[in-house]
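A.B. asks: Read off the chains here:
There are 2 protein chains.
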Amino acid sequence: MATIQDIGVAAAINLLSAFVFFLAFAILRLQPFNDRVYFPKWYLKGLRSSPSRSGAFVRKFVNLDFRSYLRFLNWMPEALRMPELELIEHAGLDSAVYLHIYLIGLKIFVPIAFLAWAVLVPVNYTNKTLELQLKNVTSSDIDKLSISNIPLGSDRFWTHIVMAYAFTFWTCYVLRKEYEKVASMRLQFLASEKRRPDQFTVLVRNVPPDPDESVSESVEHFFLVNHPDNYLTHQVVCNANKLAKLVEKRKSKQNWLDYYQLKHSRNNAKRLSMKTGFLGLWGEKVDAIDYHISEIDKLSKEIAEERERVKKDPKSIMPAAFVSFKSRWGAAVCAQTQQSRNPTSWLTEWAPEPRDVYWQNLAIPYVSLAVRRLIMAVAFFFLTFFFMIPIASVQALASIESLEKAAPFLKPLIEIKFIKSVIQGFLPGIVLKLFLIFLPTILMIMSKFEGFTSLSSLERRSATRYYLFNLVNVFLGSIIAGTALDHLNSFIKQSANEVPKTIGVAVPQQATFFITYIMVDGWAGIAAEILMLKSLILYHLKNFFLVKTEKDREEAMNPGSLSFNSREPRIQLYFLLGLVYATVTPVLLPFIIVFFGLAYVVFRHQIINVYNQEYESAAAFWPHVHGRIITALVISQVALIGLLSTKSAAQSTPVLIALAVLTIWFHRFCKARYEPAFVRYPLQEAMTKDTLERVMEPNLNLKPYLQNAYVHPVFKEDGDGEEEFNLRLEENESVLVPTKRQSRRNTPVPSRISGASSPSLPDAVPEHSEP
Amino acid sequence: MATIQDIGVAAAINLLSAFVFFLAFAILRLQPFNDRVYFPKWYLKGLRSSPSRSGAFVRKFVNLDFRSYLRFLNWMPEALRMPELELIEHAGLDSAVYLHIYLIGLKIFVPIAFLAWAVLVPVNYTNKTLELQLKNVTSSDIDKLSISNIPLGSDRFWTHIVMAYAFTFWTCYVLRKEYEKVASMRLQFLASEKRRPDQFTVLVRNVPPDPDESVSESVEHFFLVNHPDNYLTHQVVCNANKLAKLVEKRKSKQNWLDYYQLKHSRNNAKRLSMKTGFLGLWGEKVDAIDYHISEIDKLSKEIAEERERVKKDPKSIMPAAFVSFKSRWGAAVCAQTQQSRNPTSWLTEWAPEPRDVYWQNLAIPYVSLAVRRLIMAVAFFFLTFFFMIPIASVQALASIESLEKAAPFLKPLIEIKFIKSVIQGFLPGIVLKLFLIFLPTILMIMSKFEGFTSLSSLERRSATRYYLFNLVNVFLGSIIAGTALDHLNSFIKQSANEVPKTIGVAVPQQATFFITYIMVDGWAGIAAEILMLKSLILYHLKNFFLVKTEKDREEAMNPGSLSFNSREPRIQLYFLLGLVYATVTPVLLPFIIVFFGLAYVVFRHQIINVYNQEYESAAAFWPHVHGRIITALVISQVALIGLLSTKSAAQSTPVLIALAVLTIWFHRFCKARYEPAFVRYPLQEAMTKDTLERVMEPNLNLKPYLQNAYVHPVFKEDGDGEEEFNLRLEENESVLVPTKRQSRRNTPVPSRISGASSPSLPDAVPEHSEP
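Heads up: the protein sequence lines correspond to chains A and B, in order. Residue 6 is where the first sequence starts when you use our numbering, and the numbers rise one by one after that. Residue 6 is where the second sequence starts when you use our numbering, and the numbers rise one by one after that.
It is worth saying that the hints were derived from the structure and are not from the lab. This structure is a prediction, so every number in the text was calculated from the model and none was measured. For each residue, glycine too, the CB sits at the ideal point set by N, CA and C. Check before you lean on any hint, since a few could be wrong.
With a cut-off of at most 27 Å between alpha-carbon atoms, the simulated BS3-like pairs for lysine-lysine come out as follows [claimed, not checked]:
| # | chain 1 | residue 1 | chain 2 | residue 2 |
| --- | --- | --- | --- | --- |
| 1 | A | Lys316 | A | Lys708 |
| 2 | A | Lys652 | B | Lys112 |
| 3 | A | Lys498 | B | Lys506 |
| 4 | A | Lys506 | B | Lys498 |
| 5 | B | Lys676 | A | Lys676 |
Some residues of chain B that are not near chain A, with every Cβ distance over 10 Å (derived) [to be verified]:
| # | residue |
| --- | --- |
| 6 | Pro216 |
| 7 | Asp217 |
| 8 | Phe392 |
| 9 | Glu420 |
| 10 | Ile497 |
| 11 | Tyr679 |
Here chain A is said to cover these stretches of chain B; the calculated rule only asks that three of the stretch's residues, wherever they fall, bring their Cβ under 8 Å from a Cβ of chain A [as the list claims (entries may be wrong)]:
| # | region |
| --- | --- |
| 12 | 224-237 |
| 13 | 343-355 |
| 14 | 498-506 |
| 15 | 685-691 |
Taking the hints into account, I'd like the entire structure generated from these sequences.
C.D. replies: Here you go:
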């Protein structure tokens, strides 16, 4: 194990590399030609424009003002200066609350670290167990500060138990405060928000098929009958997936065309040719510009045809609709209640924001959803515990021999000794690394298959899965050597009270490993984040090959977003490490605190200047964050139980089990107390907002505002098709839709009213609602 | 182990005792003086009156018509004759659906038994393992028909796995059909029901305290603002627990008075005296009749005072109210939505039926509820696993020696040899038996402490706990010898894959024990149920000592009710046994089928003629029944996994794990698909019902109907206080309640609208609702 000197050297190296990253960032961000990489958020907000309009040519690209380099770290105070309310206004609540995750880390671990260093470190250090036990083994200094230094069966363990209680209560206190705060921030955000279509709109899925009516008519009838005072309008969902694909394809062809045109204009004389086959490697040789122009023409035609088809064909209407109400109250009521006696049809939920909708999944029927969920649960289980099997087989394939077989022409190259050893050393590692890089994408695809209807819920689901994967494969995998499959096997074969022991014994031994991990991944990694190397390179490539106009340059910017699905689970690993090691090896805590502090500053800067959130879920992810920190708490308690029972202090087990029960109870209490604020919309709030609006704008007509809020982005982007499309929607405008129902035979009894007698009912129903 | 002959003898004995019970029942029920014991339901319905009005004196008490004795079993076809719809009409949906539990048992086990006997019994029987293995041990014939007869590692085990799949699929199919049917019965019942106050009413709990307004005003303001179109009226809940106690006390004194007066009138001359102390054992000697008359007078005065106090004292108003709406739609909306931004105040739920309300628990605040739930969860854990500890210590106390110490005067009696041995033999058993008899009561008290607000939910909760207790202590306790605590201990110390093995190995060995258990508890026990010995004795005692008038006689009847909390968990044990043994020892199945058949007939008879349900929850218990049968399925699969892995057929484990996963998935699917029908009330249904009602009775005024529906039964019973009480309620009648709010300081921001500006708002709000 490492000594304190080793750790110090590692810390110095990592701090230095973090410093180098910051320095590089400071220099790069000051160059005007990088401006769009490091400040895209301001461009998107329209508050900053290209700084290269005037001045000398060199000035356009390089910052020659040397004074600005001296203040190279002043982005940090700048990032911290923006007050929270302005931040919410600037970047949305999601981003602001995301930063709270780092803050909560600081709030939890700073007092815990002080307490641990004041109490636990002296208690641990004043023993001589390790010196006596392992005279010939060079015992690590860090271990002297940890629980390992306390002799078996010592009464000093009670200090650790009391501290475990203190840490748990403090963590729960912070969590509760923070949950309360985030919940009220969310409600305040929803209340102070400007009018948004999703406040009035409910997503209705699984509209049951009706032999006599179209989906649109059926939706209108149903809501006119069942929400007579509140129903305003609705938009059916079209299956425009194919159309979206075509538009996407045309866009990519257009990019190539731009590229060839730019190339042509640079070296004027030469005509450019290309091959039509796969990746331009084979196939017929054609003139590149002509080919792409004709391709784009073809696609445009296809798109027009497809758009017509989507509009005309009743089969392209999916059994789902966005139903808008006259008031927020009406929408809140509809979203929270069950509509039909069959609980799998007429499913209502709050409509996500228009830009948050994941259109592809809107039409999945209920039974299929249930089956998909089962398949994905099983698939995720296998992914977590058996992912090493395909990786190992790919690694076997990726050996030198198989490479030589597959591509004999590479043989002379590979046989060079140096290259051979590089390939042999790196190839297997690269396969694993590639898998881990693509893991969030794989999990995202799995979530998409499961059928969630909004991007935010997709990201939350993927985050949960990624967290579980990390927990099993990174945390357990590092603590106990071997693959997840081995653990599963040994845990099944071990008795239930052996499992905590196995974990508990291994925890203190891995302290130094995790300290190094925190420094590499948490310090240098976070510092590298701010450099945004990938965006930087991609932007300049695009800028060189594709950009012709200012608009193109705007499209070449890739501000990225928070990517909750991959970042949040990684933060959770630090919570887990911090809580597990707080009682065991308090030396680890300062490293965690540095991580949280650094990450807070860096991400605050990124959120202010770079990231552009694709959607706004109003902090809907907070219950997940809370739940995972609680999970970390319980894991830390279980590990401590295991550790202490191997230290002949088994009489402490009931005390710690009581703590775990209290923690779980606290979680359930918080869930019941605060989670509804993230799932439901209280009627009182809705009514307050409605009343205010009616007082402020008594003549407001919501219908035009809501009519087209949820048009598929493909129709919106083009602009040309939109009006036509709306015209068609407005055909069904009149409040009294004459029913097309011919037979009563196919009508189920309870819906008879909505069908046969509809001409008279919509008049009769509202009567009762008069005050 | 028992041979088939042994089982046959036991079956004969039990059938005989069942037959004796039926015979006794047949004779007793024909006697006119028992009429009120065996047909109370008809008396309560007013369809039957005392048959003893006319005729000879003897005829009044004894049935002399010998022909009627010949048809002594014809109550069975009679019980089966009533069609289901009439049964629902007669006894309510709860009872009708309760019978479905027995029916579902028949539906599941009859085909399974046929299949098992056709396939598994021949497969098992045509082996010679047991003959070869245990030549000197007299092997049981039953074991030859069971899985024990198959040699280790035989391929024949695949038959059992295939059968496990077949049984699971069949059970799931039946469960799904039945869930669907019960759900539609429930909805139909709710739809076809007559107007009931709970359809329009929502129970609101945790009304936040307001410094300026009373609870009643606060409720009225809140709902006028937030449900302006639907709010009709409300009733606050009074804390009348003390009043109820006093009334109860007076009633008991009145009973004693009746007893003494009757006694006095029988032997006219003697004045009766009694002692005032505990149980009449010591204290002042007084004239019994005078004493009771004066006591009753005193109590009546106290009751009048207390009633005044409850009415006047604002402290007796609890922060809870029954809020009634103008339409079912309005109530459905309010019950299913969140009202306030604080999810722990203004909690709304469907009001239970007036007679189903458990008044004592209406005022428990939210945090207290959460704490109570935790305490009860921990208490139940200890009750389940550690109940043997207090029992054992009481058993130690209840030994001869301690009895002699406690009551030395009994010594000569106890020292008689016969009595001594009886006490030594029975006392410990009696202590345990007494505990088991009182267990449902203990669990009910625990549920009451937890704070449920309706009798039906109290019973459901107790049933769940009783089921778990039975599962751990009866099922596991019988399969593996030792107390639950021992099991807990050994399960914790065993590895996770040893636990199914321990259970699996023990299962086939206990087959004969369970067969005997089924015959004693399931055959003879059910037959004894119909005799209603306890009711019979109590009725005749009351009749002799207390009854003066026909009304008294009516009160002396104790029809009892289904007592879902203790009966349903006992049925579930049979499902568990049936499913566990279906693949292992199919011989057990016919015994289970006989139980279900017999119990169905007996309880159908009891429901038609005897039981009088206290409440109607419209089959709200079905999701619990369904869930427990699924639990039994999974337990049976786990046991089979364990059994097969000890039979060197471990390769079957993944196949059976897949089956368990599928079963759990099926449960989740059913839960999402059907459970909402038992928890929520679809708006479509509500609207249909409302519309129909408006068409049928356009001038209906609901207000007087709902005004007093939820008055505390103490006020209702008396009648005299009711009108006064209502008058007071009607003081707050006018729709515009002038606010009494003085300061804005104490008002939280979001509710400002409901407070300060209320004189203008209730006018302004309804505007938007005009169609």
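A.B. asks: So, for every hint listed, does it hold in this structure?
C.D. replies: Results for each hint:
1. A:Lys316 to A:Lys708: holds, 22 Å
2. A:Lys652 to B:Lys112: Given pair A:Lys652, B:Lys112 is violated - Cα atoms ~56 Å apart, limit 27 Å.
3. A:Lys498 to B:Lys506: Roughly 12 Å between the alpha carbons, so the hint for A:Lys498 and B:Lys506 holds.
4. A:Lys506 to B:Lys498: Holds, because 12 Å separates the two Cα atoms, which is no more than 27 Å.
5. B:Lys676 to A:Lys676: Status holds; Cα separation ~21 Å.
6. Pro216: For B:Pro216, whose nearest Cβ neighbour in chain A is about 19 Å away, the distance exceeds 10 Å, so it holds.
7. Asp217: holds, 18 Å
8. Phe392: Consistent with the label, B:Phe392 stays out of reach of chain A, its closest Cβ about 18 Å off (over 10 Å).
9. Glu420: holds, 45 Å
10. Ile497: violated, 5 Å
11. Tyr679: The assertion about B:Tyr679 is violated, with a minimum of 7 Å to chain A.
12. 224-237: Holds: 7 residues of the region 224-237 of chain B have a Cβ under 8 Å from chain A.
13. 343-355: It holds, with 7 qualifying residues against the three required.
14. 498-506: holds (count 6)
15. 685-691: Result for this restraint: holds, n = 6.
Figure legend: structure checked against the earlier numbered hints; hints not met, in rising order: 2, 10, 11.
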